[in-house]
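Participant: Sequence:
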Amino acid sequence: MTLMHNDSNKIAMDVSKASQALSSKTEERLLRAYVTSLLSTSAVIDKFSTWLMVAIGASATLLISNIASITSIFSFENVRWALILLIVAGLFGFLEKVLSRDIQVNLAQEESLHKILSTVYTDYEQRKGVIQGWAEVEGKKFDVSVNIKGVLDQYASLHPWLVRRKSRKFTPLLVVLKRNVHRYYWQSAWAVFELLLFVAFVLVIALSL
Numbered sequence: 001m002t003l004m005h006n007d008s009n010k011i012a013m014d015v016s017k018a019s020q021a022l023s024s025k026t027e028e029r030l031l032r033a034y035v036t037s038l039l040s041t042s043a044v045i046d047k048f049s050t051w052l053m054v055a056i057g058a059s060a061t062l063l064i065s066n067i068a069s070i071t072s073i074f075s076f077e078n079v080r081w082a083l084i085l086l087i088v089a090g091l092f093g094f095l096e097k098v099l100s101r102d103i104q105v106n107l108a109q110e111e112s113l114h115k116i117l118s119t120v121y122t123d124y125e126q127r128k129g130v131i132q133g134w135a136e137v138e139g140k141k142f143d144v145s146v147n148i149k150g151v152l153d154q155y156a157s158l159h160p161w162l163v164r165r166k167s168r169k170f171t172p173l174l175v176v177l178k179r180n181v182h183r184y185y186w187q188s189a190w191a192v193f194e195l196l197l198f199v200a201f202v203l204v205i206a207l208s209l
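According to our numbering, the sequence shown holds residues 1 to 209 in order.
These aren't lab readings, by the way, just hints derived from the structure by calculation. Small disclaimer: the values here were computed from a predicted structure and weren't measured. All C-beta atoms in this analysis are idealised placements derived from N, C-alpha and C, irrespective of residue type, glycine included.
The calculated lysine-lysine pairs, modelled on DSS-like cross-linking and capped at a C-alpha distance of 30 Å, are:
| id | residue 1 | residue 2 |
| --- | --- | --- |
| 1 | 25 | 149 |
| 2 | 140 | 17 |
| 3 | 115 | 97 |
| 4 | 115 | 17 |
| 5 | 178 | 17 |
| 6 | 128 | 149 |
| 7 | 128 | 115 |
| 8 | 115 | 178 |
| 9 | 115 | 25 |
| 10 | 25 | 141 |
| 11 | 97 | 47 |
| 12 | 178 | 25 |
| 13 | 149 | 17 |
| 14 | 149 | 178 |
| 15 | 115 | 149 |
| 16 | 128 | 17 |
| 17 | 47 | 115 |
| 18 | 140 | 128 |
| 19 | 17 | 141 |
| 20 | 178 | 97 |
| 21 | 178 | 47 |
| 22 | 141 | 128 |
Quick list of the computed label-pair ranges, beta carbon to beta carbon:
| id | residue 1 | residue 2 | range |
| --- | --- | --- | --- |
| 23 | 110 | 54 | 23 to 33 Å |
| 24 | 64 | 199 | 19 to 29 Å |
| 25 | 34 | 68 | 52 to 62 Å |
Given these sequences and hints, build the entire structure.
Facilitator: The following block contains the structure:
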């Protein structure tokens with residue numbers, strides 16, 4: 001009777017742990033999904049910034065190549081300020097590009113990794129079930145666990161020293177996601193600054209007429 005009671009308590013504890021693990025895993029996936037959906041709009045911001053960079057580059061080229069004739073129409077001071085605004089706007093556009101590339105690379109890597117791991121995990125579970133079935137028939141036990149830490153250490157060893165040192169440091173998921181979200185908002189901010197400075201350039205030219 002005591003043995004049955006202990007078994008019941010053990011089963012209840014196992015079910016409770018499994019329930020908590022499932023809830024935690026689902027919440028983690030939901031959080032990842034929300035962050036990924038936000039970061040997926042990074043490409044739209046980058047496309048807008050690209051068009052601004054084209055306009056900035058064309059305007060700067062036009063001003064510099066025709067500086068002699070333009071200074072006869074506009075004052076040199078206004079032309080100088082116009083060029084400064086274009087240069088700073090281009091700098092903000094460059095910063096936006098750096099963050100956009102980082103975000104897009106992370107998204108592409110995460111998507112590729114998810115596809116590969118899904119296939120690997122499905123194959124692993126199937127083969128694990130077959131091996132465990134054989135073990136039960138023969139009355140034996142086989143360890144078919146995967147040494148994930150060992151795999152990650154091998155992966156880290158493939159990288160250069162600086163990257164290897166950084167990749168071996170454990171970073172909590174919440175910290176990683178927060179860092180990515182902050183990059184997204186900084187990318188948006190640089191794009192807005194880029195737009196504002198280009199508008200300021202247009203106003204300087206327009207008010208100089």
